[in-house]
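Protein chains: 2
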Amino acid sequence: MVYLKNTPLEECLDSYKKEFSKLIEIDKIEPEDSLGRVCADNVYATRSVPHYVSSAMDGYAVKAEETVGANVDKPVELKFDKQAVYVDTGDAVPDGFDAVIKIEDVNKLQDGIEIIGAAFKGQHIRPIGEDIVAHELLLPKGKTIEPMDVAVMVASGTKKVLVTSEIKVAIIPTGDEIVSHKNNPQIGEIVDSNSHLFAALLKKWGANPVVYPIVKDDFKALKETVKDAAAKCHMVLLNAGSSAGKDDYSSEVINTLGEVYYHGVAIKPGKPTILGKAFDKPIIGVPGYPVSGFIVMEKIIKEIYHSLMEITSVPSITLKARLTKPAVSDLKHKEFIRVKVGKVKGKVVATPLGRGSALMNTIVHGDGLLTVPSNSEGHRAGEDVEIELFKQLDLEKTIMAVGSHDLCLDLIAKGVTPKYSLNSAHVGSLGGIMAIKKGQAHMAGVHLLDPESGKYNIPYIKRYISDEKVYLLSLAKRTQGIMVQKGNPLNIKQIGDLTKISIANRQKGAGTRVLLDYLLYQNGISPKEISGYNKEYFTHLDVAAQVKSGRVQAGMGIYAASKAMEIDFVPVFEESYDLLITEEFYKSEGFKVLHSVITSTSFKQEVNKLGGYNLKDCGNIISIEGSKKK
Amino acid sequence: MVYLKNTPLEECLDSYKKEFSKLIEIDKIEPEDSLGRVCADNVYATRSVPHYVSSAMDGYAVKAEETVGANVDKPVELKFDKQAVYVDTGDAVPDGFDAVIKIEDVNKLQDGIEIIGAAFKGQHIRPIGEDIVAHELLLPKGKTIEPMDVAVMVASGTKKVLVTSEIKVAIIPTGDEIVSHKNNPQIGEIVDSNSHLFAALLKKWGANPVVYPIVKDDFKALKETVKDAAAKCHMVLLNAGSSAGKDDYSSEVINTLGEVYYHGVAIKPGKPTILGKAFDKPIIGVPGYPVSGFIVMEKIIKEIYHSLMEITSVPSITLKARLTKPAVSDLKHKEFIRVKVGKVKGKVVATPLGRGSALMNTIVHGDGLLTVPSNSEGHRAGEDVEIELFKQLDLEKTIMAVGSHDLCLDLIAKGVTPKYSLNSAHVGSLGGIMAIKKGQAHMAGVHLLDPESGKYNIPYIKRYISDEKVYLLSLAKRTQGIMVQKGNPLNIKQIGDLTKISIANRQKGAGTRVLLDYLLYQNGISPKEISGYNKEYFTHLDVAAQVKSGRVQAGMGIYAASKAMEIDFVPVFEESYDLLITEEFYKSEGFKVLHSVITSTSFKQEVNKLGGYNLKDCGNIISIEGSKKK
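For the record, the sequence lines run as chains A and B. Just so we're aligned, residue 1 is where the first sequence starts under UniProt numbering, counting upward by one. Just so we're aligned, residue 1 is where the second sequence starts under UniProt numbering, counting upward by one.
Bound conformation, chain A alone:
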């Protein structure tokens, strides 16, 4: 596919935004209904606050000059009405009185008060306009109205406030392969989640999204839908499928109805964006991959939205962090890389996540974006970089788990909430050990079988971590087994049975592959005797899917994968899924919370509900001294 251009983001935005002034109407509304709306003009105070001279205390209004010289030895007596008048906080100070003495500081007599200290002119008195002066600027144009803004408008007499009208944004999902999430998608069908992502983002910003029904790949239908949307909304987003053909449809439709200004923006992900105009309105083609869509919404559509609404935008929250892995980038694009952020051993660290623009989970589990400008090749591991956070983080209350993933970790995540949050990145067992070694994580889920000793985890930890003391917390024995077709029609019962059938295997290096090799060796079986031994798949689920489809009869995997694919499972081995823990974390409050979670009855009940686990050692801890420990 050829893009017309690869125009820098800032250049596109600057000139494109100028095309759409005066698109937004203005509403005149009551201040109490204005929370979150945007001031369309400066708002000035109608009335001063306070609007009369008032007492700031409960006490007596007096004339300061009549209190001069009062002290404990020589109290001064002031008569009611002429010299002292009782006032509640907020009451008007009577004419001629110029100070208030607190009720605690007076001695009440029959017909007056006795004071033992002088009052100064203006004491405990609120002058007119102390808080707000009539005609002063309350809120500048472009300000998003916050709660206290509502209060000052109400207090100072604003009857109506001018705000920008809500902007209506049409979202048109297109593509023959796209189906509503109300359906169960078949092979080759993709659920339309983007429309809901875009609608939610727009709602969060304060806009009003209008989601259209899915339009098939039909030029005329698409053209008519865009026409209708442009008539009813201020902006139209065309969410094309990600294939070349469909992108061309969008740009063709826009060119027929109006004009394409830019096709191809130099950002990654998000490159195939189309910025066009028809019927004087922005018509924008947003790429179909969810992460591309998210980035284009945040970096392009949000900017255009702010410009249309004349909103004074609030800058993003940023944070300096040290990169744990390199973040390379090409020179041609401004690239946005999702990262996870944590604080380990007193240092804030950021770990780049998967780049795939289809990986929604990198946004859900990510904490922010690292921006690599075009003309930069990126950053090396160990460099300090600035991260734009999705939201503010409490790094002191975040437990960083990097390693092999297991569903039990999800239950721990639930258990430590809301005191702590468990931030987990899935890099495999060995990756987890390395993350602990490099000080990039508090804990790592590990399940590594040492084929020589037949032992789990400890041999590897001793091999790789030699210079510090670490702890190994038993979480669960996890059942590995043979995934078989529903009902186990071939009556597979043990490893030996694999010689009679065809299997799907995991890739070299995967824990399950290591285990299969170990079990074959123990049973005196050569891999050559197994049909399909060299058929490699990258995930438990891929193997399970092969079994389910009937292309193979079995494959090694964990119970959860067979459950996810709704096939059957023959348990053959219990592997140890443990948590490797740093000494720093072991001694922390966070660990206490975590340990109390995994030893609780409710945690055990929930794990047992998942199936495929044995919790007899759960919670046991051993310490492992590094051989070279300083």
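No wet-lab data here; the hints were simulated from the structure. Among these hints, one or two may not hold up.
What the hints assert, rightly or not - If you want the footprint, here are the derived chain B segments under chain A, 3+ residues with CB under 8 Å:
{"no.": "1", "stretch": "87-93"}
{"no.": "2", "stretch": "146-157"}
{"no.": "3", "stretch": "199-211"}
{"no.": "4", "stretch": "355-365"}
{"no.": "5", "stretch": "411-420"}
{"no.": "6", "stretch": "542-552"}
The C-beta atom is built at its ideal place from N, Cα and C for all residues, glycine as well.
Add chain B to chain A, keeping to what the hints say.
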């Protein structure tokens, strides 16, 4: 007034929160309606994403082993159907194929494709569950649902999600002196702005506020209203007037219906808070001063709300800054001091604002809170402190103006929006000069008459700033004059006429007082000849209010004050209101924007609309070399 206790905030919250578990119901809703709601339980994926092996590119599905050895010199040919199948991005990869070659990288032939590079197993292929694996944790309990969370639920087959029900919070304004903002308040009446502040805060957090009509100071009426509110809502906020008598009403009502747990929390502002329980629900007395109310909402009610909803709360945004003024505090209370934050000469500085708990504007114009714990006497000027920001700031785009205030500054604020924001603190002309000298501001509004030379501003600047170059930008000649009763019944025309009447005067040191003295001297009049010369008031508006009430016949002031008070004005003098500017700011982009604003036609038109200004020199700049400049 005596508080039962002065209990530390954390102690109150910890034990009080425990009283209310299981108050919140659970809703089962569709994921697309769940934005901003809070997960009531872990949400797990129902379906893997992708749910079939799919192509990540537009191109040809191939078998990797058949591509081995392909290069430019020795292209490999693959036949359609058996060896190469066209796939769009997202299409299922046919059974038996294990790699995809991008369409750009193939040469299409009659009955097949020619490739010049080998493909590896899994190339451009998305395995099942690459993004999301069925049964994995999508969102943990307590998470507030963000846009991408909606998308992952939709994509992975969530049909319904369990969220906590919206919490209903009753707000009951009470007090004989409280009136609705729909009325025009009379002397002694206070507009109910707190209900709208509290309602807006609750809405912003995601709660559902129910504002009751104002209840008079009537024990029985208040009791019945609380009873009704507790029946209909999850929590009841009693917003008592700030006087002692009314606070006692609230606690008496709560004690009659249930029990007061705490009366008096060791925070400032916010001390008179009442935490009680009736009908198993939290019934809370919130103090009446707006800033106290705001702090109690943010520091107490929000905590209780989060606890009830089991929300994993997002920490506040913090920032380190250097204090420009001391922030002293007493030992007994945890004190929350509002501050303004800016960046001047590369340093982030924080300036404490007025402490008065009635000053709403310190929240509107403030940027955040400095917390001084109990048992601390506060901080000295120059200390580095941590500020909890109300929202993220773009300090590079903030112009710090500290000095004398004028309405023209408000129009500049509007003009520089949205490129810059003008952050202004009102400390008087001399305070502004000192702020510039100390590097705490970019610019200062000044109007100081030197009585000896009869010149404005420059003599003072030369006197106080001797070690650097600064610039003085003419903004406006501001008309000072004699404020007189409507219609000027005594036909006052000049300074000499003041000898015949009674006036109200400003306090010693005020610019207007200096000007009056200068004008009297010029006219050969002794202050003794002026009746009321020693009657001192602290603001223009107070003087204007004296004139309006008829207690005096005139007073010196600016046109805006007479306009605010709707009285008449006799111009007598034009003072120079200039902007003193640092060299750093003079050379910045921000100054260019500011200068283009004040020299624009629209700015001049708006200033002329205000009245009382002469703009003939507006925009002129002179530089002032410090005599001791290094």
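- So which of those numbered hints doesn't the model satisfy? Hint check: nothing fails, all pass.
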